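Chains as they are written, first to last, in this note's numbering: chain A, 14 to 322; chain B, 2 to 156.
Don't read these hints as lab results, they were simulated from the structure. Please note that a few of the clues may not be correct.
[Stated by the list, open to error] DSBU-like, lysine-lysine: derived pairs with alpha carbons at most 35 angstroms apart:
id, chain 1, residue 1, chain 2, residue 2
1, B, LYS108, B, LYS128
2, B, LYS128, A, LYS201
3, A, LYS212, B, LYS52
4, A, LYS198, A, LYS212
5, A, LYS26, B, LYS52
6, A, LYS267, A, LYS26
7, B, LYS30, B, LYS80
8, A, LYS201, B, LYS108
9, A, LYS251, A, LYS267
10, A, LYS94, B, LYS52
Please read these numbers as outputs of a predicted model, since none were measured by experiment.
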Amino acid sequence: MGDLITMDDLTNKEIIKILDDASSLLPVARGEVYLPLLQGKVLGNLFFENSTRTRMSFETAMKRLGGEVLNLSSVGSSVAKGETLYDTMQMVDGYSDIAVIRHPNQGAAQYSADAVEIPVLNAGDGAGNHPTQTMLDLFTIRQAHGSLEGLNVMMVGDLRYGRTTHSLSHALVRFGAKLTLVSPKSLKMPMEIISDLRKHGAEVNETEEMTETINSADVIYMTRIQKERFPDEDEYTKVAGIYKLNANDLAGAKAGMIVMHPLPRVNELHASVDETKHARYFEQAFNGVPTRMALLCRGLGIKVPKKVK
Amino acid sequence: MGEMRRVTAICNGTAIDHIPSGHALQVLKMLRLDVGRSNPISMVMNVPSGKMGRKDVLKIEDRELNQEELDRLALIAPKASVAIIRNYGVAEKRTIELGSELINIVKCSFSNCITQNNREPLPHKLKVISSEPMEIRCSYCGRYQNIEDMVDYII
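So here's chain A without its partners, still in its complex pose (with noise of 0.2 angstroms):
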């Protein structure tokens, strides 16, 4: 009931009743107030591939919420040993309420989820989904734009491998966004998902040319290059450092235009865009607390207070 694998689990309403409920959970997620709303439960926080942020905030999200963590990883666990994942979700199903896992083979959190009887919250499967990502990037949208409709959002760098802009853009576009896809031609957006958004109705552009939609955006969407999922180093070589945004490139963006990137960055996202008003992304980083915190109250069926003080 309580699992979140690809955005698809979520309507509309619920995504907004999400955020809605993160929005409350602000002092909260700021260590302002403590609201033990899940005193008791324990998190099983699995990483079978590494994270910093996705990791760090669901943690901070269950310690600030009263809960406790269990983590894993895959290094020095039975997982290293050659365990399947039915057998280590067992064991998780038994030691915690509630499991986020992050894993490098695609699929990995459906199947843990129908492995196990606690609900499980997808932190990102291989390429696939990264639905917590997604609602924390509509979390950080909804804060700069007050509403999620009906923007244009231009996304840039790996869209082949890059799981956060498949979820975010199946998210987007049933609010009516445009899209722009700006990559090299060996880091498009996969066909499947094109055409699924296309299905909705979306209106996608995909372009190699990322300065000529900059003054139109609402939203740019950095990504960076992910060498480690390159079958071969030249293939890498090849597109890395092919997209660099700075401060200059800003100069004739609308006022209201927010820059975003997951994290973390390379050389495609330079230091100086830091100091301008556009940029968001590290607050989009620390709006992986409410946000996951809202997830993770939803997970497990608990009530988010809509005033917290």
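Fit chain B to the supplied structure of chain A, relying on the hints for placement.
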């Protein structure tokens, strides 16, 4: 009728007609009748057909295929007609149905799907998104499957 006489009538077994031209071998593979069996099988390929232009036909002797086996055919020969033959006559006509989910029939073809680890015990599950045109996705990783290649991933 002309094309049916290219192979002799069978006494008992299953006749599969209206297989898309050139796909009879895939059908045998799909039904796992291609290796390790002793039933006589007759096959004609690319014969003229009023309905289809050209078609393939299979006759499998002394073996009545069950519904579960026949439903596998829906992936490559969804419009095939199947007759169970007893004592040289048609005893039963069976239809082929493509269900909404294929469980433990075909594996997902995507190399990075969690189901590629054959020690993982949960069933292989593919979801039928639409039957015309046929669109099938892995229930776990969500990848669309290439219908032509699916025969290579039969379990």
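Hints, one by one, checked against the model:
Taking the CA atoms of LYS108 (chain B) and LYS128 (chain B), the gap is about 12 angstroms. The hint holds against a cut of 35 angstroms. Note on LYS128 (chain B) and LYS201 (chain A): the hinted pairing holds, with a Cα-Cα distance of about 26 angstroms set against a maximum of 35 angstroms. Taking the CA atoms of LYS212 (chain A) and LYS52 (chain B), the gap is near 32 angstroms; set against the 35 angstroms cutoff, the hint holds. A C-alpha spacing of about 22 angstroms is found between LYS198 (chain A) and LYS212 (chain A), which places the hinted pair at or below 35 angstroms, so the restraint holds.
Restraint check for LYS26 (chain A) and LYS52 (chain B): not satisfied, since their Cα atoms lie roughly 49 angstroms apart, outside the 35 angstroms limit. Restraint check: the Cα-Cα separation between LYS267 (chain A) and LYS26 (chain A) comes to about 29 angstroms, which is no more than 35 angstroms; the hinted pair holds. Straight-line distance between C-alpha atoms of LYS30 (chain B) and LYS80 (chain B) comes to about 18 angstroms, which keeps the hinted pair within the 35 angstroms bound. Among the hinted pairs, LYS201 (chain A) with LYS108 (chain B) is consistent with the structure: their alpha-carbon atoms are about 26 angstroms apart, no more than 35 angstroms.
Between LYS251 (chain A) and LYS267 (chain A), the direct Cα distance comes to roughly 32 angstroms. Compliance with the 35 angstroms bound is thereby established for this hinted pair. With a C-alpha separation of about 57 angstroms, the suggested pair LYS94 (chain A) and LYS52 (chain B) falls outside the 35 angstroms cut-off, and the hint is violated.
Hints 5 and 10 from the earlier list are contradicted by this structure; the remaining hints agree with it.
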